[in-house]
Amino acid sequence: MPGPTVTWYLAVSVVLFATGVLGVLLRRSPLIVLLSLEIMLNGANLALIAFSRYQGRGDGQIFALSVMAVAASEVVVGLGLIVALARRKVALDVDKLTTLRG
Amino acid sequence: MTTALIFLPVSGALLVWLVPMPRAWVGSTALLVSLAEVALWIAAVAGFGFGSSGLQLEDRASWFSDLHVSYHVGLYGFSLWLVGLTAVVLAASVGYACSAGRDRPRAYYGLMLLLTGAIVGVFAAQDLLLFYAFFEAMLIPLYVLVGVWGGAGRIDATLKFVLYTMAGSLLMLASIIVFGLSQGTFDLVDSGTSGSAWLFLGFAFAFAIKAPLFPFHGWLPDAYRESSPEVAAVLSGVVSKAAAFGFLRIAIAKFPGPTDDFRLPILVLAAIGLVYGSLLAFRAPDMRGVIAYSSLAQMGLITLGLFAANDLGFDGAVLQMVNHGLISGALFLLAGSVERRTATGELSRLGGLARGRPALATVLLTVGVIALAVPLSSAFAGEFLILAGVFRQGWIWAVLGAGSIVLAAMYVLRLISAVLHRGVGRAVPEQTLDLRPAELGILVPLVACLLALSAWPAAVSEHSFAGDRPARDVASGFRAPGEELTAKGALP
Amino acid sequence: MITTSAWVCLLSPLVACLAIALAGNRISRRGSGYLATGAVALSFAAAVVAFVGLLGEQPDERSHLSTAWTWLGGGSYHSGLSVLVDPLSVFMMLVVSGVGSLIVAYSLGYMDGDDEERRFFAYMALFVFSMLLLVQGGNLLLLLAGWGMVGLSSYLLIGFNQRRPQAIAAAKKAFVMNAFGDATMVLALFLLVQHTGTLDFAATFERAQGLASNHWVVNLVALGLLGGAVAKSAQLPLQTWLPDAMEGPTPVSALIHAATMVTAGVYLIVRAHPLFELAPTVEDLAAGLGAATILLAGLIALVQTDVKRVIAYSTMSQIGYMFLGAGLGSYANGMFHLLTHAFFKALLFLAAGLVIHALAGEQDMRRMGGLRRLMPRTWLAFLVGALALVGVPPFSGFFSKDSILAAALDHGTYGYVLWAAGLGGALLTGLYTFRMLFLVFGGEPSPFVREHHHAHEGKEGPLSMTATVAVLAVLATVGGWIQLAGVWTPVSDWLFPVAEPLVEATGRQEAISSVLAVGLGLLGAAIAWWIYAARRGRVPRLRAVRTLLERKFYFDEAYDLVFYWPAAAISRAWGSLVEGPLVGGAGAGLGQATRGAGRLTARAQTGLLRSYALAIAASLAVLAVVFISVR
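Chains as they are written, first to last, in the numbering used here: chain A, 147 to 248; chain B, 1093 to 1584; chain C, 218 to 848.
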């Protein structure tokens, strides 16, 4: 069944990725930054799957699956960090978390 | 055979580290291993064909065959003598450590044995990457030995030593990689010569720091003063010779063109080092300082001989490497013995040690007299050959060298009279003991080696190069006549 | 047979030295003395055997080279560990081991009771070995080896009394000045190696003939060798170490600084005469330095107050005669004077040693006097030595010294100048010798002498000391009779195959020189008697001259100014200006640089998460553009 061409999928993927990038760059809450990261990853996943379908090979899908696994573990670490921050009653604002300044 | 020479001490180190044994046994086990190393070397000498040319006692196994890197070791006449020097000085140093006693003996003796293996490896390696690996492997035990068991200022000394050496080594690594890739092999025997000045300088820089040559000796006084005496003995006696060996085996043999081009600047640096070291030795306030700066001067002299580029220079340089190794080894151990008795090496607080301590006086006097190159001593023989050789590059070098003989007389006599003669120094307790049998057992063999060499210096000088024609041997890349480059394959 | 005995001669003192050193406390003090004496006596016996062996051969076949093994080599150059037995070396072997064994025997008594007797005898044996190596060495390298070794043993023996700072300083001074001479000699050898490729005597001399046209090389070689000879023999301008060397025990002064080592320079000139003959200018220089030293040392000796220093200056002056002879090419006369000088100078030193021994170590002549009554036999021995030194017939000095002066007459105008200097020296010799004799032995015993003089069991000294002095007194008397110029010349004939003389004095020249020299010597003695014994004259008061002489012509001060202070200043300046910054600065500089670089890069590390993210995104964008556009 002929669906939309691969171009459309890629367009959506780009929009998703750009949204994510903007989110990471503009938002100050670490929670939202993490969320935006997830959106970026999913944008990339969409592109992978689209190409996979387009080329008729399974590699891209497998890769997308492993990206999901990585994303899940990353969220675990990230959320854990945020919870730890919250517990220490540190302001949840990435602009104020500058301890690593040289 | 060569592999056994390298890995006997390494396995000794593993033995000391891994096999459980009472602490008291550790030192004597290490001493046994290093004596076994000396015995093994004697066996190697017995089996060595001094008359024939080319690499001997060769072992070879492929390592990274794509890059033509192999585990390739073997000995030439001159490397055989340097290996012997290593075995003897390291055995004496381990013996000295046993007699003095060291904290954490397992770690200490293991490192000393590891160091032995690494140094022997440097002298035996016939593959540039292997050479580099051993060259760096020397640094690790030294880093720990100076940094952990050294004196009060050991941290600074270690840091300086390591930074200097690393800087040189990295340049050498770059040179090695470029040289190896351009030759298509990293093998020293198989590779041809190169005309690249930059590669030559990369090697020369590393060796000039390790030797050290003026003005790269910034690490020297601290390292020689702060390390324990036996480590200082190894540093100045043996490790510095690895640099001189590198000059001979790699810088000069592989880069004949650049060697010619840079001869003058290197001779100038060596001569400056010779005079400069001698003058500073004359004003150094402590025993180790005198020995350290005289080492700087001697390394300058050896470099003069190497870059004289003729038969006499090469023969003399090899002879002087062996001499100076034994001399400065013995002197540092003696300095250690004196420091143990008086808790200081400052010349102004020593004195009068000769009276009632005949063994100390005799040994120090004998070594000192050989160190100042009194004629008929082996050091005189070496200096004579070197200066007669470098005379052909210009009379000025020989005049400077002869002048430094006078300076050497001045600083050695100053050392001897400040320690042994004059009134009794403030730091010298009334009941200071003479050398004990254990210390004599270490020093007397060293002195005996020196005296034997004095009776027959030609044993080394005439048995170092193929057919006793050093210049020809070096120019042919130490190959037997007729032996051509074998593996000249390009990279895949 | 001949070479075997030569090896025995060479090695027996070395064996004794090693045995004493290794035995340590297991050998008694006395025993070490006997061992050393026996070994040196064995050397003498072996030397005699070699001498007799050579006597039995044709004059032109008297040369044997025996090589044990190759001592040093490199490339085509080789030097063997070899001994050469020829008339010259046997001559020196006999002098060294003969006088040596007498003096070592004397030391048995002199050093008795010193708690470091063993060390002394070990050093003495080492010295005799070194000196024999010097004279027996079969090539120039071994000669140089012996040359350095005698310097070393001289250093050890001068500084024997380790608690005396003056002794240590004197020992160091002697060694360093000699090292300077060694250095010039080494340079000469380098030149020879470069141009002839060998250091064997015969081959070097033969190939050097081919260099005759190359004036620079031959002159420099001769000059370098002369530098060594001058330093070792304490001639101008390297003479200042010898008087200080009198800090050593008296037998040492007698053996090393009178009889043997200091005359090595003469041996060197005679041995290497083919090289010197190629450079006549340098030969003349050697003779001139000798003549200058005769006068300079004679003048300084006039004002010395230490008995041993007077004898030391007279040694310098006498070696000046030998240099004069050797430099003129009158080799046999130089060597003959070396022989007689060894006898009478050793005698003077040993007799002075008896005096010093009896006065508990006092050496200042101003405190002595009147010893003639207390020590009559010593006085007699000293008188014999003095007469031989001044050159009064029939004592030995007469036969040897005057031939040298006569030889000077056969050397043109320059020769006349040298001759005049030599005659002036004869006058000075008479003056200072008898001044010393009268000050020490003449007049009434001084208070100091009366207080401190102690007889040794009713005798003037232990048997080992008095007996050797007696033997030397006999030798100093008859030792010169083996040659009378123009009439009876066994010494010249013996040395002829090795060193053909360049000058030949006529009978008339000999006679004139002899008469004048003896006359002037006696005149000097008479003046000394007039002033010091009869006390009819006064010492002239020339304060400036006196200070100049007492300061030894300011040589020490000049050398300090020219060599020592600049070296010390350079070394200090380098220490603070170069070494400090280089060693301390290198570490500090490295640290500073690293820290600075770190500070720069740290600026980029804002800590703002969003700026990092932006950097990443921006770099990605740039990379993407690059990839797309490059493809």
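Worth flagging that the hints you see were computed from the coordinates, not collected in a lab. Do not take every clue at face value.
What the hints assert, rightly or not - Computed far set for chain B versus chain C, every beta-carbon distance over 10 Å:
| # | residue |
| --- | --- |
| 1 | 1368 |
| 2 | 1402 |
| 3 | 1433 |
| 4 | 1434 |
| 5 | 1468 |
| 6 | 1477 |
| 7 | 1483 |
| 8 | 1513 |
Stated by the list, open to error - Once the Cα atoms are required to be at most 25 Å apart in a straight line, the calculated SDA-like pairs of lysine to any residue come out as:
| # | chain 1 | residue 1 | chain 2 | residue 2 |
| --- | --- | --- | --- | --- |
| 9 | A | 242 | C | 710 |
| 10 | A | 242 | A | 180 |
| 11 | A | 242 | C | 829 |
| 12 | A | 242 | C | 290 |
| 13 | A | 242 | C | 794 |
| 14 | A | 235 | C | 815 |
Positions of the beta carbon are idealized from the N, C-alpha and C atoms, including for glycine.
**Item:** Assertion that residue 1433 (chain B) lies outside the chain C interface [Cβ separation over 10 Å]
**Value:** 18 Å, holds
**Prompt:** Would the pair residue 242 (chain A) and residue 829 (chain C) pass a check requiring their Cα atoms to be no farther apart than 25 Å?
**Reply:** 14 Å, holds
**Request:** Evaluate the condition: distance from the CB of residue 1368 (chain B) to the nearest CB of chain C exceeds 10 Å.
**Result:** 6 Å, violated
**Asked** CA of residue 242 (chain A) to CA of residue 710 (chain C), is that 25 Å or under?
**Response** Violated - the C-alpha atoms of residue 710 (chain C) and residue 242 (chain A) are around 111 Å apart, more than 25 Å.
**Item:** Least C-beta distance between residue 1468 (chain B) and chain C, which was stated to exceed 10 Å
**Value:** 4 Å, violated
**Asked** Per the stated criterion, does the least C-beta distance between residue 1402 (chain B) and chain C lie above 10 Å, as a non-interface residue requires?
**Response** 7 Å, violated
**Asked** Can we trust that residue 1434 (chain B) is non-interface, i.e. its beta-carbon lies farther than 10 Å from all of chain C?
**Response** 17 Å, holds
**residue 242 (chain A) paired with residue 180 (chain A) [C-alpha distance capped at 25 Å]** = Answer holds: residue 242 (chain A) to residue 180 (chain A) is near 16 Å, not above 25 Å.
**Message:** Using Cβ atoms and 10 Å as the threshold, tell me whether residue 1513 (chain B) really stays out of contact range of chain C.
**Reply:** About 4 Å separates residue 1513 (chain B) from the closest Cβ of chain C, which leaves it inside 10 Å; violated.
**Prompt:** Is residue 1477 (chain B) truly not at the interface, in the sense that its beta carbon sits beyond 10 Å from all beta carbons of chain C?
**Reply:** 5 Å, violated
**Message:** So if I understand the rule, the pair passes when the alpha-carbon distance is 25 Å or less; does residue 242 (chain A) with residue 794 (chain C) pass?
**Reply:** It is violated: about 52 Å lies between the C-alpha atoms, which goes past 25 Å.
**Asked** Taking 25 Å as the top limit, are the C-alpha atoms of residue 242 (chain A) and residue 290 (chain C) close enough?
**Response** Outside the cut-off at roughly 79 Å; violated.
Violation of the numbered hints given earlier is confined to hints 1, 2, 5, 6, 7, 8, 9, 12, 13 and 14; the remaining hints are satisfied by the structure.
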